[in-house]
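Number of protein chains: 2
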Amino acid sequence: MAAITPERLSLNTATTRAQWKLDQAIEGCARHGFGGIAPWRDQLQALGPEKAARQIREAGLAVSGLCRGGWFTAEGALTQNVLDDNRRAVDEAVTIGAECLVMVVGGLAPGSRDLESARAMIEEGLAKTLDYARTVDMKIAIEPLHPMYAADRAAVNTMRQALDICDRLGDGIGVAADVYHIWWDPEVRDQIARAGKKRLMAFHLCDWLVPTTDMLNDRGMMGDGVIDIAGLRGAVEAEGFSGLNEVEIFSQENWWKRDPDEVMRVIIERAGSVC
Amino acid sequence: MAAITPERLSLNTATTRAQWKLDQAIEGCARHGFGGIAPWRDQLQALGPEKAARQIREAGLAVSGLCRGGWFTAEGALTQNVLDDNRRAVDEAVTIGAECLVMVVGGLAPGSRDLESARAMIEEGLAKTLDYARTVDMKIAIEPLHPMYAADRAAVNTMRQALDICDRLGDGIGVAADVYHIWWDPEVRDQIARAGKKRLMAFHLCDWLVPTTDMLNDRGMMGDGVIDIAGLRGAVEAEGFSGLNEVEIFSQENWWKRDPDEVMRVIIERAGSVC
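Those sequence lines, one after another, are chains A and B. Each residue of the first sequence is one higher than the last, beginning at 766 in the working numbering. Each residue of the second sequence is one higher than the last, beginning at 766 in the working numbering.
For the record, the hints were derived by calculation from the structure and aren't laboratory data. There's no promise every hint is true.
Claimed, not checked - Here are the in silico distance ranges between beta carbons for each label pair: (1) B:D856 / A:D1026: 21 to 29 Å; (2) A:A768 / B:D932: 18 to 26 Å; (3) A:N1019 / B:D788: 42 to 50 Å; (4) A:D936 / B:E1034: 46 to 54 Å; (5) A:K963 / B:P771: 33 to 41 Å; (6) B:E1018 / A:G876: 47 to 55 Å.
Since this is a predicted model, take the numbers as computed values, not measurements. Even glycine gets a Cβ: it sits at the ideal position worked out from N, Cα and C.
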């Protein structure tokens, strides 16, 4: 398996969100020779999707995904408001030429303990968003989140569960496989194989630190934790995945406090040596 | 489904570990009318297993489990030292008349990223411990831990995975189903049904708080979080599980700081109203 070179990397802008606005991240990606970028919607909206699209194009960057649609359970029912917002997310993904719209689907409805109904609401929301996305040729990528986020961020928590949804919904929907969320799963290799090239729409990198001191914002740089990242990359590439390796690190106490150019250099070094 | 009355409760002594030694916990359980207790080995050894057994018997308490054997990966290989310690744990479980020996199996070997080999080591350790446990009629209960503990505490992380191991190893081994670890799992009800009465050896209660501020020691009192505890109890009882409802709450900043008699009263109240 070939080492990851910079042009095979994409920067998920969450990695430098404390330091760089989107235009700076675009410049940073170009300066460090990254092949792509994956913006978050708040930053995209702050810059303006059209303007961002132009800058990304001029910088020669691909867009490995737009983060994120979803949160179907946020209002306790699948409201028109939530569906409209997802439709806008699809449109923004089209505007910037994203490979896919990444879905963080939402957790339990506010005040609820009913996971089954949350999951039904999520699937209905995905189906409706997919209906629209197909008309504009945008792919929908469900990101199964680690089970520790089942209550408050995403009630789709394994590759198996996400792929079961994909099987029910048909073409145009797949998964964003983030090593942080899936590395622990005894079935992860079988489910990557099940997904295959068609359903593998994004591949996200970071690492699981021991100890992890914050459930949301203490993700590690590749190589600083315990995930067999190379093994998982081998598994997705064995299925024919040829997208960029998107680096997404939430790190309140470490990487968000560093010089972002240093962060980019460390990403390149680690991607080439431990991934 | 009948409400849980105090005689259907067992106190896992972790719940009051900051306040009570084992002899005090035994007295507390008797005073509050609990049906049973589940000691941890450090406390058991401090009191002495024979003495503890006598006090538990005199207090009229059942022993819903001994916490815990396992940690097969702790020394990087399945050493005789680790196997001997598990054999001693089996003997202690027999001495106190425990329903089962609960297994926290261990995470990655120190310095390793190889989950598969950790899982193989764990299964071999379980098999060897089970061989001995069968000769003294002690049941072995694998406790699948939440995936957030895969690296550092237990690399058996779902009911499916635990039951696959049980199927390979045969009679005398089953699962300890703790709502904290399994509530998020889309397959939890199917896997409880698959386990059936024979493999369901313990049922542990607490709650998942939102937010959870510490990955180990911020578990909630039943009713303070988002787990559908009654639903899960209904599922295990539908399979014929008739063991005690064991309450195990690690709570550094809340319940470990309270008067333990207050903790016991709140457990009884919540068990009767929300479980």
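Outcome of the hint check:
1. B:D856 / A:D1026: 21 to 29 Å: violated, 60 Å
2. A:A768 / B:D932: 18 to 26 Å: violated, 41 Å
3. A:N1019 / B:D788: 42 to 50 Å: The hinted range 42 to 50 Å holds for N1019 of chain A and D788 of chain B, with Cβ atoms some 45 Å apart.
4. A:D936 / B:E1034: 46 to 54 Å: Given a distance of about 52 Å, which is inside 46 to 54 Å, the answer is holds.
5. A:K963 / B:P771: 33 to 41 Å: violated, 56 Å
6. B:E1018 / A:G876: 47 to 55 Å: violated, 24 Å
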